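Protein chains in written order, with numbering that gives the first Met the number 0: chain Z, 0 to 859; chain A, 0 to 203; chain B, 0 to 296.
These are calculated hints, taken from the structure and not from any lab test.
This one's a predicted model, so the numbers in the text were calculated from it and none came from an experiment.
Check each hint, because a few of them may be wrong.
[Claimed, not checked] Derived CB-CB ranges, DEER-like: (1) Z:GLN259 with A:PRO173: 49 to 59 Å; (2) A:GLY118 with Z:ARG843: 20 to 30 Å; (3) B:LEU235 with Z:ARG843: 25 to 35 Å.
[Stated by the list, open to error] Cut-off 27 Å, straight-line C-alpha distance, at most; resulting in silico cross-link-like pairs (DSS-like, lysine-lysine): (4) A:LYS50 with Z:LYS719; (5) B:LYS231 with Z:LYS760; (6) Z:LYS14 with A:LYS127; (7) Z:LYS73 with Z:LYS108; (8) A:LYS50 with Z:LYS760; (9) B:LYS20 with A:LYS113.
Every residue gets a Cβ at the ideal spot worked out from N, C-alpha and C, and that includes glycine.
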Amino acid sequence: MTVQTPVQNSMKPGKWIKSSCKMCLHSCNTRVFVGDDGVIKKIEGEPSSPSNRGRLCPKGNAAILRHYDPNRFKTPLRRTNPQKGLGVDPKWEPISWDEAYDLVAKELKKSISEDPRKLLPAINNFQKIYLWAWPACFGNANYFSSVGNFCGGGYHPMNGFVHSTFAAVNDSNYCNFWINNGGGDGFSSHLHVTAQANAVANARIERGMKVVVVEPRMSIGAAKADEWVPIRPATDRQFALSMCATLVEEKLCDYSFLRQDTNAPYLVGPDGYFLRNADGKIWCWDAKANQARLWDDPAMGELALEGEYEVEGVKCRPSFQVFKDILKDCTPEKMESITTVPAATVRRITRDFAKAAQIGHSLEVEGRRLPLRPAAYNYYRGAQGHKYSAMANQSYKLVNFLIGSIDAPGGHVGSTLDDQQVDNGHIFPGENGMIKCMPHQLHPEVPFSYPPNETHLMGFFPIGVDPGHLTQEVLFNPEKYGINYKPDVMLLCHTNPLWNLPGSREKWIEIMNGMRFIVAIDIIPNDSNAWADVILPPHDLLESWNMTMIEPPQTEGMCLRQPATPPLYDTRSEEEIFYELSERMGVLEIWNDILNFVNGFVAKPELMLARDKKHGEKDIAERKGLLWNGKPLDWYMEHGHSVTPRRPDKWYRPWEGMRLHFYIEDILRNRDELKQKMEAAQVPYRDEWEWGDYAALPTGVLDPVHLEPKEFDLYAITFKDIQLNFGESLTNPWINDIVWKDPVHTAFLMNAKVGRERGLKDGDLLMVESPYGSVYGKLALSEEIHPDTVAVSNALTRIATQHTSVRHGGGNFNDLLPSNLRHTDACSGQPETVAKVRIRKLDRIPGGQPDNSIFTAKEA
Amino acid sequence: MATWGMVFDLRRCIGCNACAVACKQENTLPNGVFFTKTLTITTGEYPNVTKTYVPTLCNHCEEPPCERVCPTGATYARPDGIVMVEANDCIGCGTCVIACPYDTRTILEGHHLKDGLFGQGQLTAYEKQGIGRFTKGTTIKCTFCHDRVDGGLDPACVVTCPTEARIFGDLDDPNSAPSRLIRQHKGRQPLPEKNTRPRVYYVG
Amino acid sequence: MTPLEMGLVGGDFRVGYRLQKTWDTTIAVAFFCGEVGAGLFFISLFTGLKSGFLLGLALVAIGKAGGHVVHLGRPSASWRALRKVRHSWISRGLASIMVFCIFGAVVTLDAFVPGQMPGALVAAASVIAGAAALVITVYQGLAMSHSSSIGLWSNGLMPVTSFAYALLGGMSVQLALGWGVLSPQMIDMLHVFALGLVLLGFVVVVSLIHAAKYGPEGGRKSVELLLSGENKMMFLALVLVVGFLATAALLTLGVGSRLLLFIAAMTELSGYFTFRVLMFKAGAYDPVFTLARPGRR
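The shape of chain Z in the complex, shown without the other chains (with noise of 0.2 Å):
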């Protein structure tokens, strides 16, 4: 065949650049074709990968017109319409760089040498997580935003509290049954998705691995899955306790684990505190001494893990005892009429999980020998999105706990968030043989403070998730929580608020109309840096110098993103863009220090940043791979990524000897406290604090959600798919050619029987209205969604964006949701998630559509 000039992209002349990813949190390995006309052509997963192994999700795929977006902001811009609104045109003004940093850093310094707490930050770049930091160099801990807390509110730190790590999911090595409840591993989202997508295929087809997945929607989980559960939305944690209460009713459990390597037998006195002696040590009873003994005494015969004691006069009883009476009101039956899941399936189901664990069998892993306990519940933000979020991840755990799977080969296994170095341990010891818990997985306690140092209240949530949601609550209502300042400066980067956070969009957007001055460090426009006053644009992913571990499943090591072409437009990184800042704000030695602590540089000294000096991207990515395993950046350059499979001493129960925590005595304590912490400050509302929502062990009641008046008869949920998840994937006309065509993501899903028994037929359009707000759309009859359910895909959930591929919606979904303190998770700061709605059916849509809303009739 003669040789032809190529037409596909790959094939041209050009080379290929290792890199990593960034359309999602994620960071999945990837190499970049760029042409040798200096275009980028293609790209595609990095095969020397043992994350995602040379694959990519569509995400992943449409990287390049992130890249070539024409709506990238090209310069600083500085805002000349006065008017700020949805809609409305900011007039962008092109400044120089030197301008902008003057003029920003001047207004941030403003208001915060009246006040530092008078800046309102949200930054929330995953992959550079330290700048995260950046407002702590002014002593500033608010947070305008609720990423990390509308999903893992609660998760987070009960992760911390089980497994000492960020997140969690099933061990897909060994796994032979998995369960997914409100959580998209292995198919649509959360961790790594093609990583794990690509995991779990294997180990369905391969090994045969079930899969069960208990949502209210079926979603592509649900879709591969050996059986789907329906469930009524916000029901999970009954649901997961019902299992419990199967598997202790019918004596399923791995006792052995729960005597040997968990908290399980340690004995709880009426306070609900663990019964300790004079020295602090913490009694159990000796079930064939028949007597009280302290937990690591030699003489012990059996741990006794049920009964009712007395020690030293107090009556007592195993922490598994407890929670065995709590499951008394949880059995199958009596949770059946709160989930709709009939109980003989919950038995059924929890039979097969018992069976499959194969508990009391072992294995050996690089000459370690290990429990194998091949059967694991996972969960994520659909399940514990919910008022009651502590107890719902704990509830979650539990399943687990009681099969013996934590952090068991075939288990559910904690996944640190980034290790820093290779052999960096993550497991620290706490009292009484306990590990200790590390609730605090993304950034140190924010002291407590009355008044209020933060909008949100963050004080006031020793162990939980920015409430980012709760600034529109106590800045509505001043007066009532105490705050004795009104912020008028904000700084948005890699963020958008006006989308994520629950509550009144009318609320925030008065909100941001209030600010004196609003910053965003934003690539893309978007809903909220619409409202900006001046732009400052950082490179992309195909521009720019990153390494980062972020909360890989299965994997450890570093992901090298290194630029494959120059920058397009005049952008700077995100580094340059706070050091400039900084230094003209005077806190550059602090940001410098700030930087060496959240990197870990700390630990080694000759890699830590010069104070006194303002460092690029590529300095700080170049420390962070010397800090992983020794290696230089050219290594990471020609390699891409240090990534190996997780090491099994770091996966596999990597506390061996010490005690888990299946009683969490820890958030008593912080309860407490914070209680006696408030007490002495005399906060006025301290006796509405909803302290019930602090508890040792979960229980089955009711998420207020479900005490909605009547009237609101069904419940609402939002979600995302593979398209969409954890990214701004809308502004991509790649992604939009496949989300446009998917019918789960075109109009709001009900239940075909239930849309038919009230008159209402596909095309039909909805008002959808809580106690709190509304929204509107096309209706889509589905059998793939629960009877009481409608569900509310992403894609239809954006609102006068200015980026012109972004297809408007009826409204945002999270106006359904409440931004209050009574249904907001006192323990964990989690907001609710679902929303209890009534539907209405509208003549016609309502005016003032913009020309590509999703109202518009697009080609067929």
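Following the hints, complete the assembly by docking chains A and B onto the known chain Z.
Leaving out everything else, chains A and B in the frame of chain Z:
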């Protein structure tokens, strides 16, 4: 000489359409034009519902109806079975689109080449370097990534699939990955009654 | 019922029925002109009607050829369509159109200005033009049924409908134009043929719908589409009642009146044009995939 074919493993496919986007990347395709796409079939009534994700692309049939009806010879099959369209010879009559039962061919219209991916009438640098391969008014379709295959690589869609649901190889070789899958799992062709003898099979 | 309730999926990522969109009203006009023109010219070869030759030639040369050129994606390359005469009905059709135009022009010229060309040439041209015209009357239906992808089209009756409609259309126009020009005996004979062709056309169309309904999936869906919604009115009223029944009645009543024959030609042609448009509008593909598995031993 190999005879190229593909197997789709329906047990694995999660309908993510990474394949569709990888293909668009590889081929500089305009909006609305797909050389491959993944469809869904949902059957049953709640709660007994089955949902299957079904990848589709040109089947590079052994008896391609498109080749038979083409008046100019623009549509032709290579010796290795890949069915191609020579743009220079195509007059855009659309008879091949009518004749193909699988909805895999598109006639390029002016707006496809002028609108731009971002729809503002301007082409990005990426589009400018690639869109010149297309001629307005001609028919285009999947070519099993002929440039990549000639260079010893697998098609872009196969390489990117997160769940390894797409298996490409020589159907004449009984030990190739697709041949083994077809044998072991009773691979079946799409719409066999149309007598097109597709070289794409489905298992699972 | 909404399109979705009928199983039509358009461009959605769903397996279901799709309507063909490639051949639209422009092609319908081209097909219509081609068949009526060729049929009219063919019949004129037997009656010698000059206006029949002229109109027939014009319909094919301008209406059909023009309509196709307008529809083509790359009309500048249209000459290449002559290449695959061995396989493709489109190729064969184009060749026939070209042959027809050339030799039909000779015949038409001779009809208006007789004696200018050798008789043998004209005679040969008549035969060749006639043969080419016959191919044109039939090849469109053969092109539509050359693949099994669209159930409504892919049965043996499609070329027969082309042929029957071409002759019927040609016949009804012949009657309207020829009244008072051709001899009364000729008109009577044509009139009988016309009634026969109406009956034949009616039976063929009904049989086509019947065959499609009990044939492949897509065909069944097409029939469902034809007999529902606005299509139902068009099909039953225009194609069947107006196109066939009214035409037959008018023909029977109107053999003595130019006006009635003219109206009969109009009803017949409206019915035929509607048929053409509906065939394209309701052409549906089968769903591209089914989960049914082959039987196990």
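Structure-based check of all given hints:
no.	hint	result
1	Z:GLN259 with A:PRO173: 49 to 59 Å	holds (54 Å)
2	A:GLY118 with Z:ARG843: 20 to 30 Å	holds (26 Å)
3	B:LEU235 with Z:ARG843: 25 to 35 Å	holds (33 Å)
4	A:LYS50 with Z:LYS719	holds (18 Å)
5	B:LYS231 with Z:LYS760	holds (23 Å)
6	Z:LYS14 with A:LYS127	holds (19 Å)
7	Z:LYS73 with Z:LYS108	holds (26 Å)
8	A:LYS50 with Z:LYS760	holds (21 Å)
9	B:LYS20 with A:LYS113	holds (22 Å)
Hint check: no violations occur; every hint is consistent with the structure.
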